[in-house]
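There are 6 protein chains.
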Amino acid sequence: MTRIITLGEIMLRLSTSSGVRLEQSGRFAAHYGGGEANVAISLANYGHDVSFASKVPANDLGKAVTHHLRNYGVDCSLLLSGGPRLGTYYMESGVGERAAKVIYDRAGSSFAEIKTNEWSEAIFKDVALFHVSGITPALSETWRDLTLSLVKRAKKAGCKISFDINYRGKLWTTNEAAAFLKEILPLVDYCSAGKLDAQVFMEIPAYTGQGNELLYYYQQMNQRYPNIELFYSTKREVLSASANTLMGTLWNNGQYAASQEHRIDPIVDRVGGGDAFCAGVLHGILSGYSSQETIDLATAASALKHTIHGDCNQFTEAEVAEFLAAGSGKIIR
Amino acid sequence: MTRIITLGEIMLRLSTSSGVRLEQSGRFAAHYGGGEANVAISLANYGHDVSFASKVPANDLGKAVTHHLRNYGVDCSLLLSGGPRLGTYYMESGVGERAAKVIYDRAGSSFAEIKTNEWSEAIFKDVALFHVSGITPALSETWRDLTLSLVKRAKKAGCKISFDINYRGKLWTTNEAAAFLKEILPLVDYCSAGKLDAQVFMEIPAYTGQGNELLYYYQQMNQRYPNIELFYSTKREVLSASANTLMGTLWNNGQYAASQEHRIDPIVDRVGGGDAFCAGVLHGILSGYSSQETIDLATAASALKHTIHGDCNQFTEAEVAEFLAAGSGKIIR
Amino acid sequence: MTRIITLGEIMLRLSTSSGVRLEQSGRFAAHYGGGEANVAISLANYGHDVSFASKVPANDLGKAVTHHLRNYGVDCSLLLSGGPRLGTYYMESGVGERAAKVIYDRAGSSFAEIKTNEWSEAIFKDVALFHVSGITPALSETWRDLTLSLVKRAKKAGCKISFDINYRGKLWTTNEAAAFLKEILPLVDYCSAGKLDAQVFMEIPAYTGQGNELLYYYQQMNQRYPNIELFYSTKREVLSASANTLMGTLWNNGQYAASQEHRIDPIVDRVGGGDAFCAGVLHGILSGYSSQETIDLATAASALKHTIHGDCNQFTEAEVAEFLAAGSGKIIR
Amino acid sequence: MTRIITLGEIMLRLSTSSGVRLEQSGRFAAHYGGGEANVAISLANYGHDVSFASKVPANDLGKAVTHHLRNYGVDCSLLLSGGPRLGTYYMESGVGERAAKVIYDRAGSSFAEIKTNEWSEAIFKDVALFHVSGITPALSETWRDLTLSLVKRAKKAGCKISFDINYRGKLWTTNEAAAFLKEILPLVDYCSAGKLDAQVFMEIPAYTGQGNELLYYYQQMNQRYPNIELFYSTKREVLSASANTLMGTLWNNGQYAASQEHRIDPIVDRVGGGDAFCAGVLHGILSGYSSQETIDLATAASALKHTIHGDCNQFTEAEVAEFLAAGSGKIIR
Amino acid sequence: MTRIITLGEIMLRLSTSSGVRLEQSGRFAAHYGGGEANVAISLANYGHDVSFASKVPANDLGKAVTHHLRNYGVDCSLLLSGGPRLGTYYMESGVGERAAKVIYDRAGSSFAEIKTNEWSEAIFKDVALFHVSGITPALSETWRDLTLSLVKRAKKAGCKISFDINYRGKLWTTNEAAAFLKEILPLVDYCSAGKLDAQVFMEIPAYTGQGNELLYYYQQMNQRYPNIELFYSTKREVLSASANTLMGTLWNNGQYAASQEHRIDPIVDRVGGGDAFCAGVLHGILSGYSSQETIDLATAASALKHTIHGDCNQFTEAEVAEFLAAGSGKIIR
Amino acid sequence: MTRIITLGEIMLRLSTSSGVRLEQSGRFAAHYGGGEANVAISLANYGHDVSFASKVPANDLGKAVTHHLRNYGVDCSLLLSGGPRLGTYYMESGVGERAAKVIYDRAGSSFAEIKTNEWSEAIFKDVALFHVSGITPALSETWRDLTLSLVKRAKKAGCKISFDINYRGKLWTTNEAAAFLKEILPLVDYCSAGKLDAQVFMEIPAYTGQGNELLYYYQQMNQRYPNIELFYSTKREVLSASANTLMGTLWNNGQYAASQEHRIDPIVDRVGGGDAFCAGVLHGILSGYSSQETIDLATAASALKHTIHGDCNQFTEAEVAEFLAAGSGKIIR
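Read top to bottom, the protein sequences are chains G, F, U, C, V and A.
full-length UniProt numbering numbers the first residue of the first sequence as 1 and each following residue consecutively.
full-length UniProt numbering numbers the first residue of the second sequence as 1 and each following residue consecutively.
full-length UniProt numbering numbers the first residue of the third sequence as 1 and each following residue consecutively.
full-length UniProt numbering numbers the first residue of the fourth sequence as 1 and each following residue consecutively.
full-length UniProt numbering numbers the first residue of the fifth sequence as 1 and each following residue consecutively.
full-length UniProt numbering numbers the first residue of the sixth sequence as 1 and each following residue consecutively.
Treat the hints with care, as some may be off.
Which copy is meant is left open, so a pair is good if it fits within one copy or across any two.
[Said to hold, decoys possible] With a cut-off of at most 20 Å between alpha-carbon atoms, the simulated SDA-like pairs for lysine to any residue come out as follows:
id, residue 1, residue 2
1, K101, V268
2, K155, Q24
3, K235, Y89
4, K63, K101
5, K63, T88
6, K170, E322
7, K63, G73
8, K63, K182
9, K235, L324
10, K156, T2
11, K156, P186
12, K152, A122
13, K156, S290
14, K125, E319
15, K182, Q210
Just so you know, the hints here were simulated from the structure itself, not pulled from any lab data.
Please model the entire structure based on the sequences and the hints provided.
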């Protein structure tokens with residue numbers, strides 16, 4: 001059992017049921033989630049000792065976050081309590097040709113309003129992995145500084161650094177992101193980054209060859225940042241809001257691996273699919289699995305996530321393995 | 001903002017949830033709708049000043065109709081109150097190979113029982129468009145007379161006349177319909193009519209050529225009724241109760257246009273799909289859009305309607321446009 | 001039909017179902033409401049021509065507010081669109097001894113952030129009544145100024161001014177409120193104010209006699225503010241979160257009237273009960289009803305509101321009258 | 001096991017959930033019921049061999065009625081299939097001071113439209129009891145004749161005749177009812193009739209003594225109709241729509257008995273409470289129970305019915321007995 | 001109307017709603033079913049006089065089973081009451097690639113604990129068909145003996161014997177099953193058995209030809225057991241938990257027939273699909289339909305079953321025929 | 001933060017919604033609970049470090065138990081995995097005069113089938129309190145031995161022993177219980193026991209005086225077992241299944257204290273009310289609160305539990321205190 005810390009914002013998602021418009025909906029389903037919290041839960045499901053570091057208000061919504069995380073065995077001792085509010089967002093579920101629609105109401109949240117590091121020096125002691133994403137530094141300039149200083153402190157304490165670029169255009173510009181990435185990527189060990197990240201943030205020229213396009217981008221990114229030993233990303237084809245195909249790839253110290261293509265139809269809830277993938281890759285790496293085993297597990301975990309309501313992957317490693325073994329849709333009696 | 005009147009019956013639909021048989025269902029979802037009411041709501045969503053003329057009982061179900069229409073901004077000053085009852089129908093939702101099943105209980109409704117014109121002379125003043133459908137004259141001989149006299153009065157007041165043939169075999173025979181259509185079509189400006197209407201009600205010989213079959217029928221219909229400047233219809237392929245393809249076409253003063261083919265999968269609720277199409281075409285015409293813009297918008301609006309529970313299209317023009325631009329199923333974050 | 005404007009904030013209420021804690025709830029019922037919006041809806045139900053003036057964000061939650069208001073026939077032409085967000089609050093429903101619990105998340109709303117008057121000069125033309133409450137000036141100093149200037153403008157245009165003190169300790173101090181009230185009360189015609197308001201904000205000494213305590217406070221308040229011709233308030237005994245008694249009183253140009261005591265058991269939803277009362281009083285006054293008729297209707301309307309989910313009173317005048325006539329709980333077959 | 005036939009109309013009830021207005025409700029609960037059908041089900045629950053004679057349309061709603069009756073073991077061989085429609089009614093559930101509200105939509109039903117006797121001569125063979133109510137003859141003059149002729153035929157075949165006066169002012173006038181009752185009551189053996197029935201339909205002068213008022217009315221009714229050996233009724237005090245008290249009384253061949261007073265709080269569903277009482281009395285009589293045992297069981301069964309959704313009493317005799325023995329609200333572990 | 005007896009266990013199924021994991025589910029849908037009970041219901045829907053023989057506990061769950069069966073017109077006079085408990089199982093609904101998952105909790109049930117024949121000698125009198133499956137003898141050695149002796153008794157009384165092999169690996173080994181089958185198959189007239197049954201239990205060598213594989217297996221099985229005049233089975237392709245194809249085949253006294261291939265997408269509930277097929281075949285045989293008519297009806301009935309929640313086929317013969325005639329997904333207005 | 005262990009069985013409760021009979025219910029709410037698990041959760045809510053020792057099957061229902069306990073912060077390291085099944089029971093919710101009804105299906109559970117101690121020697125190290133109840137030794141003779149040996153081991157390790165007699169007549173006879181109690185009570189420090197326990201299991205003669213009856217029983221019990229320093233119990237008056245009064249009393253080293261009487265109306269869910277009381281008392285004792293403070297908190301916590309669905313008390317100490325301070329039903333805005 002490995003000690004892991006993930007850090008980020010967790011929000012309340014309020015979503016409509018399928019076929020009902022947000023503006024006419026008399027009820028919302030409530031789910032709690034956020035990229036790094038979702039990764040924490042997946043890793044806890046896989047048997048790791050995971051703490052989620054964040055900040056939530058000292059009210060019932062903050063308590064709800066605690067209940068949600070503890071339910072899945074995530075340690076909440078680094079979950080700070082206080083500040084003005086919990087970030088929320090509203091989601092009108094998509095179906096068929098009609099895509100989901102999101103309204104954010106996240107400004108001024110307890111996490112976003114953090115101004116100085118509120119965690120003790122000692123938190124990274126005996127921690128094997130520290131995972132953050134690009135959403136956190138996107139929240140404010142303060143958070144850019146805080147993210148960097150926390151990563152540096154983790155690095156110093158001997159943690160491996162995992163970073164998911166996860167660019168969100170509503171939160172910062174590509175220029176702001178690129179500037180920040182230049183500072184943090186030299187500190188990173190494992191990085192979730194794909195073709196667009198390579199082109200936009202690392203100025204890697206577009207691939208023009210006939211070969212394996214992703215391999216090219218992974219190699220180029222590794223040339224830019226030789227410290228990063230692992231790159232990974234998914235290739236998703238959006239057939240409709242109800243049907244997607246999904247394939248995962250990774251590049252691990254020069255070794256490239258790709259999963260089978262999963263056809264996800266129907267999609268129950270797409271939110272958190274990327275986080276399930278990320279957690280699967282990290283689990284494979286932490287467990288010393290082969291690149292192929294790792295990418296198979298991670299992509300299968302992500303496909304499974306799409307079949308469940310809520311942001312987090314609720315499957316154990318044994319369940320993911322059983323899913324991979326059984327093939328599509330066979331009943332397990 | 002154009003003043004529009006639509007006239008017709010509005011009913012209560014009681015439907016089961018998916019996978020439950022009507023004869024075993026302990027609950028029903030309640031929706032209010034009818035072709036002309038649905039058109040009224042769509043046109044109100046697009047910014048027009050729309051009145052819906054009908055009659056509902058002076059009880060809570062009549063009030064429910066008013067709430068429903070006002071919710072979407074439709075004016076109810078022409079919605080009469082009185083008479084015996086609200087027409088109802090029961091729908092067992094279809095799924096996959098199993099089609100939806102409908103039980104009508106509409107006889108003797110407040111609208112069907114109207115015996116003489118109950119609206120004032122002045123209602124068509126400053127009205128640009130009057131929309132009716134073939135369901136209304138199918139209700140009774142009285143309603144055939146009333147429909148004709150209302151259309152004539154509207155015409156006299158300067159309204160454009162929109163007519164949706166919408167033949168329902170449970171309400172009248174093809175002979176009865178054909179006889180009525182011969183009287184009303186010479187008064188019509190915009191007509192929703194397709195291949196079957198052309199063959200059955202206008203005695204147009206079946207197309208035997210290799211070219212554009214619909215164009216042939218539209219041209220032939222226009223030869224019969226040169227007063228009708230606009231014909232339009234959809235071509236739907238029923239793959240199953242859960243998946244259809246849909247394409248719209250129109251013929252506008254000699255100009256033919258066809259939309260892309262939409263694949264609607266899964267279908268949330270098919271009821272009202274044709275009305276959403278009709279309203280989209282009328283909006284395009286009223287707004288002076290090109291034939292191509294018009295048919296694209298109308299067909300997209302109809303496809304969107306299929307993704308929502310309830311009879312009426314709940315999307316604004318901006319939302320339809322965004323849907324057309326985004327492509328299938330991409331999340332709008 | 002009298003033209004009326006009410007102005008105030010409208011919020012989204014997210015509430016749990018009975019017997020479920022907020023921190024463990026996986027779904028929320030969504031209701032839209034606010035004191036002045038609720039009054040607007042009640043008055044529209046009673047047949048008045050009511051506009052609700054407020055500001056909501058230009059997103060689906062803003063549209064939901066529009067749908068809600070239009071459903072009940074409230075005009076939305078003074079409902080501005082824009083600004084950062086819709087104020088929200090969470091409510092854990094109470095039951096028996098356990099009271100409801102509220103978490104506000106209303107800071108920074110589109111309405112609260114209004115900095116200058118955004119309505120045209122002409123809005124009060126032909127308006128008989130302008131209704132505001134003490135919640136609006138409590139939002140900010142800006143809103144104190146705006147409230148005063150709007151009231152003055154309305155007064156100048158010939159409107160009667162209705163003001164509901166509705167003190168909320170979470171929004172401002174009693175000192176701040178008292179200072180504001182000294183400025184606005186001299187402009188008011190109809191005022192919802194009770195014993196505590198009299199004591200705290202008008203420095204009226206506590207009653208020590210044996211007679212009608214409320215009559216004393218109404219008379220004293222009228223001495224302070226002879227311009228106010230109508231005072232009214234309810235006396236509520238909280239037996240539990242599920243059972244209350246409620247009695248209404250008013251003082252109208254020297255005439256005192258009290259309703260019967262209603263026993264409300266069980267309470268379905270208490271939110272908006274005061275607004276239903278206020279609207280009932282205003283309707284009685286606008287309709288020239290006697291003081292007794294007015295207070296009977298207003299208190300009955302408030303009692304009825306408690307039996308319905310959602311913030312607004314959904315009953316017409318005829319329904320309230322029927323309720324008063326029928327007595328408690330007899331079926332109307 | 002005694003053979004019993006009950007005859008009457010069965011309808012679909014569409015009701016709102018508590019705290020939701022009919023005119024704003026997006027869903028209805030569906031229950032099937034009618035006085036004589038409810039009595040049939042209760043008697044089947046008590047172990048009798050009961051047939052329900054009625055007519056329902058040959059569609060899914062007719063099938064739903066069959067499923068409902070068979071579920072409880074009622075024989076459907078006398079349930080005719082055909083005719084125009086199933087009678088329906090809408091119910092807005094009451095709560096507290098606000099009473100339930102009913103909208104009937106029963107005109108023209110398959111049962112009401114029956115014009116001549118559609119059952120074979122042989123149906124009353126070996127039948128011990130034939131039960132009808134005053135609702136059936138209220139439907140039409142045809143049904144008055146039919147009811148009389150069926151009762152006469154049953155009487156001739158040796159059945160005991162049970163009749164529940166059950167006057168409904170919406171269906172016929174008191175004069176019409178009185179005229180009919182004069183014809184049928186001389187044929188009746190067991191009669192559900194109370195104080196108001198005695199006064200209004202049998203011209204019995206109001207009681208002015210100090211003694212047992214109900215005993216007086218029962219005795220007077222028996223003097224008018226010495227053929228009727230059993231009279232029974234309930235005394236209900238409506239504290240609110242959510243709380244009633246209920247006491248049952250009967251007069252059996254000169255013997256008077258009264259039950260304890262039940263306090264029913266909260267009421268889950270009041271519909272069918274009288275039918276549960278009636279069936280309990282008939283079961284006691286058919287089983288040779290003492291008057292006291294009979295009235296205790298019948299009133300307890302009625303009280304239990306109020307705690308269950310749906311029109312019919314779902315309790316066996318053993319369960320009613322256990323309820324009587326346990327006292328109020330003690331858990332049966 | 002033919003008299004039929006089916007015998008087997010009936011269980012309570014507790015299932016999650018789609019997209020919710022069993023381990024996180026706060027509610028379960030309750031369905032009652034079992035292979036032979038499902039066959040009984042289908043045959044009753046088709047108009048036969050069917051008794052279901054089984055044993056359920058003398059508690060509310062036992063009563064629920066009775067309600068369920070009676071609802072569909074199945075006679076319960078052979079349904080014994082007593083014993084320790086009702087077998088239950090939990091089902092996590094599958095969706096897309098994720099298969100359904102089942103947890104059995106059936107040990108020690110009232111049916112499984114039967115030790116000696118508890119039915120009277122006379123039950124098979126005038127019975128045309130006795131149907132059992134391989135699940136019953138799999139429950140215990142006692143049940144193997146009981147099954148054989150009941151089948152022998154039925155055979156002696158002149159019943160046709162229908163047997164569905166339905167091998168369940170969780171209940172017994174293939175060796176145990178094979179040994180039992182050698183004893184029972186010589187008594188059987190109609191047998192549901194496919195390719196795997198032929199290979200595993202009848203030691204028929206795998207087909208190596210290019211022709212009709214199923215015909216080969218049916219012929220070979222008939223050579224082993226010439227007493228069996230009818231073999232039938234379905235060929236199901238599991239595309240995913242949400243989409244399957246299904247084709248039925250049968251071999252009737254040398255005559256082979258195959259249905260069209262149905263594409264079932266989406267699947268609402270797969271449980272009981274095989275039982276609906278089996279009942280359809282038996283109905284065709286009992287009705288003297290041609291092999292083609294029989295297999296078309298049976299496969300269509302099975303496809304329909306997949307579109308409905310619950311274990312049992314809820315369709316009449318007329319509805320299945322209408323479904324076959326209408327084609328996929330066309331609305332029946 | 002005190003280390004506490006509670007040990008006992010935890011079961012799945014499947015309950016109907018209010019007003020629906022178990023035998024007609026198509027869905028069940030699922031709650032996990034058991035006396036000692038409920039106590040564990042309450043104590044964890046109060047800030048203690050609590051482990052729940054039990055055994056659940058290695059399937060999804062076992063995982064569900066883990067999720068439930070972790071949600072509330074209870075440590076699951078002593079929760080063993082394995083064995084045949086999770087005990088279940090079905091509850092038909094009571095309402096008004098109709099009591100709840102329970103059907104147990106708990107035989108053969110993983111916990112009941114434990115044959116030898118499966119926990120390590122070290123578990124009681126540094127543990128301040130070990131809590132068990134009379135339900136566990138009632139399960140089997142093996143469990144009587146195991147309970148005694150675990151209590152002795154705990155005692156030896158320095159734990160205080162808490163014991164809740166909680167006699168269940170369905171599990172063992174009063175003689176069996178009395179025999180066991182004679183063995184365990186000499187080891188107990190804190191004991192939940194009331195008047196009936198005193199009379200039945202400790203042969204204390206019935207009180208005949210005029211004074212404080214409970215004080216008498218507590219004193220007498222203490223004379224029998226001077227080692228027990230704390231006795232406590234509740235006095236509940238069952239007005240109906242929907243309304244109870246509740247008062248708590250305790251006797252602590254000679255000091256008697258009683259709470260106010262709570263009127264609980266309506267009752268949302270009574271299950272676990274006693275466990276909430278027990279945990280409140282233990283928390284008061286562990287925190288060194290006065291007897292009055294302790295009994296007030298414990299009884300208030302129990303009253304609060306009745307207002308929430310599910311077996312466990314979900315309130316923190318601060319929330320219970322706020323509830324005590326606020327009085328009945330006042331909203332906390």
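Checked hints:
1. In this assembly of identical chains, K101 and V268 lie within 20 Å of each other by CA distance both inside one copy and across copies; the values are 15 Å within and 17 Å between.
2. In the homo-oligomer, the alpha carbons of K155 and Q24 never lie at most 20 Å apart, since the shortest distance is 49 Å inside one protomer and 37 Å across protomers.
3. For the homomeric pair K235 and Y89, neither the shortest alpha-carbon distance inside one copy (26 Å) nor that between copies (39 Å) is at most 20 Å.
4. Only between protomers do K63 and K101 lie at most 20 Å apart by alpha-carbon distance; the minimum there is 14 Å, versus 27 Å within a single protomer.
5. For a Cα distance limit of 20 Å, the shortest separation of K63 from T88 qualifies both inside one copy, at 15 Å, and across copies, at 18 Å.
6. Only between protomers do K170 and E322 lie at most 20 Å apart by alpha-carbon distance; the minimum there is 18 Å, versus 39 Å within a single protomer.
7. Taking CA atoms no more than 20 Å apart as the test, K63 paired with G73 passes in both settings, with 15 Å inside one copy and 12 Å between copies.
8. Taking identical chains as interchangeable, the C-alpha atoms of K63 and K182 are never at most 20 Å apart, the minima being 37 Å within one chain and 42 Å between chains.
9. Taking the closest pair of Cα atoms, K235 and L324 come within 20 Å of each other only inside a single copy of the chain (19 Å); across copies the shortest separation is 24 Å, beyond that limit.
10. In the homo-oligomer, the alpha carbons of K156 and T2 lie at most 20 Å apart inside one protomer (18 Å), although the nearest pairing across protomers, at 35 Å, exceeds that limit.
11. Taking the shortest alpha-carbon separations for K156 and P186, only the intra-copy value of 14 Å comes in at or below 20 Å, while the best inter-copy value is 57 Å.
12. Only within a single protomer do K152 and A122 lie at most 20 Å apart by alpha-carbon distance; the minimum there is 13 Å, versus 41 Å between protomers.
13. With identical chains, the CA atoms of K156 and S290 are never at most 20 Å apart, being 28 Å at best within one copy and 50 Å at best between copies.
14. Taking CA atoms no more than 20 Å apart as the test, K125 paired with E319 passes in neither setting, with 31 Å inside one copy and 35 Å between copies.
15. With identical chains, the CA atoms of K182 and Q210 are never at most 20 Å apart, being 30 Å at best within one copy and 62 Å at best between copies.
Checked against the numbered hints above, the structure breaks hints 2, 3, 8, 13, 14, 15 and satisfies the rest.
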